[in-house]
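Visitor: Chains as they are written, first to last, in this note's numbering: chain S, 1 to 152; chain G, 1 to 486.
Because the hints were derived from the structure by calculation, they are not lab data.
Heads up, some of the hints might be wrong.
[Claimed, not checked] Now the stretches of chain G that chain S is said to cover, found in silico as 3 or more residues with beta-carbon under 8 angstroms:
id: 1; segment: 125-137
id: 2; segment: 156-170
id: 3; segment: 377-391
id: 4; segment: 440-453
id: 5; segment: 470-482
As the structure is a computational prediction, the values presented were derived from the model and not from experiment.
Glycine included, each C-beta is placed from N, C-alpha and C at the ideal position.
Each chain, letter by letter, is given below.
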Amino acid sequence: MSEQGRDIEPATSRAVRLTFAYEGNEVHLVSQQPLEMMLPPTDALSGYEGEQGFWVEVRSGQEETLYRSVVQDPFRQDSEVFSPDPEQTIARVPVEKPSGAFAVLVPDLDEADHVALMSSTEPGMALAATGRGPASELARFSLRLDGGSGVS
Amino acid sequence: MTTADGSILSTTRIVDNGPPAQRWDLVILGDGYQTGQIQQYRNDVQQFVNVLLSTPPFDAMQGAINIHRVDVTSTDTGADDPTACGGPGTTARTYFDATFCGDSTNRRLLVVNNATALSVANAQVPQWNAILVMVNSTVYGGAGGQVGTFSRAPGAEEIAIHELGHSAFGLADEYEYFRGCDSGETDRNNHPANEPAEANVTTNTNRATLKWRHLVATTTNIPTTSNANCAVCDPQASPVSAGTVGLFEGAHYFHCGAFRPEFTCRMRALNNPFCAVCRERIQAVLRPFLPAFPDWQLLDNNPATVEIVAADGSLYQRQNNGFIWRYTGTPLTGWELLDKNPATVQIAAAGGNLYQRHNNGFIWRYTGTPLTGWQLLDNNPATVQIVAAGNNLYQRQNTGLIWRYTGTPLTGWQLLDNNPATRQIAAASNNLYQIHNNGNIWRYTGTPLTGWRQLDNNSASVAIVAAGNNLYQRHNNGFIWRYTGS
């Protein structure tokens, strides 16, 4: 194996689409939709301690991270504005999004116990006004059929 | 303004590479198209699809992608376009409630009801991986988020592709400001020290641990650019050629302390190609969705590999850091490191031998001991190419000289030709060929300097390759020809 190689995850045919809703600084798991489909490969399962951003972790009951997906921060209180002017085609502007919904796709693994939302920002917090520190656990939700909900 | 203001007509898999469960599925929804405008919508979507699938790296990954077009009608045409942002004050009753001026300030911020878009995608294509909403307006606009939006204005498809970079592939913005370089903002000077999780921005300036180090040439400075004044965007031009991967200061909304992989990228400014790091990330996400061709077995998956050669049952690879590996029989893990010299720029194999050429022209033969078992065969800095065939090793120098190795290191080289017009050599079996700058192709007949037989004289010929008893040439129009003579 070459030193810079990366593992390819085995194709997974069972997945769950988790749909979340947030209002203020509270996040709720609205639905778990089982699906037969492949998933993108996991992001690195180690070596990311202290990083900033937003990602989703599927963990076992022993807190082992089984799958990790770096995604766009759904709580950002800003948006991109585009321009055909070649001098500056993109800029960001603050946008109030006190509530909203987003979905994430995770593998349906036998050993999965819960999903954790890891974030450097909290819902309702404007990125422009914050220094983005290391991501911390914003909320966790049970992946067992009896459900569960998380609060930031 | 709600789903009562239209209806779902149908869903069509307009790019169909297999079952949705096994492919990466993009769903495109339409808003502000009335029933009589559905054909316009279909044309607009097709135009976007053509652009997307001709954009690297999507062009090379098409087999992994399905695209689903959901035909949605709206009561009214267009989108809300408030006067507050300079619009005409139009109010349009549309299915996804498309609205310009989404922040009450910027007309081009085009937003829709994300929850409705998610709901429709869930119902129409449960296996969706990304969602875009195309809005029937010629006003330039769009927005990001999990549901990306873009209008049918010329060039707005760039918005959608940029937003896919975020929503589907987890890429970060590479621009170094928030509101703009000329906005007067004062809180964009220095990026927080924490490393961003995204693949295409970093705070790390250590070449040895840089997350895209495998794409950086040893000759590229790290950092490649530094911003001399962290109070403003860096005004300097790129000191390296386009496409050079390095470490360019100014990224992720900050003038200093955050770095991007290339000087330009679609994640930095629209109308640029994705940089190599972004392309690699997109390919990594899409690769598992490529159709399986069972007759091909994956032997390694390292993006740093830049050359492979095979001979006599052995397979070798060279990586962009100069490392040379031999395949030992176990896919992915079965590679033996034979050398790790960053100066290596070419390998060749034949007759049970493996050779390497360094960037200083030195030629080495592998003698069987990994890392240390390399015998120096020549040390001429003029050497720019080696080829091997059968039991023969040849070298070409930048003066056009062609030499054959006769078995004695350093001194045992026989001069076969001395024509400065020689552009390239190729060898197979017992044959050696050369092509000149004017396209003339010659075969060596056994007498040094004079023993060359001309096989062609076409000025369009730019390259030759040889295998077995066959010789091929490539023309500058892409045409490929096989030599049929003796």
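Visitor: So, for every hint listed, does it hold in this structure?
Guide: We went through each hint and held it up to the structure:
{"no.": "1", "hint": "125-137", "verdict": "holds (count 3)"}
{"no.": "2", "hint": "156-170", "verdict": "holds (count 8)"}
{"no.": "3", "hint": "377-391", "verdict": "violated (count 0)"}
{"no.": "4", "hint": "440-453", "verdict": "violated (count 0)"}
{"no.": "5", "hint": "470-482", "verdict": "violated (count 0)"}
The structure is inconsistent with the numbered hints 3, 4, 5, although it conforms to all the rest.
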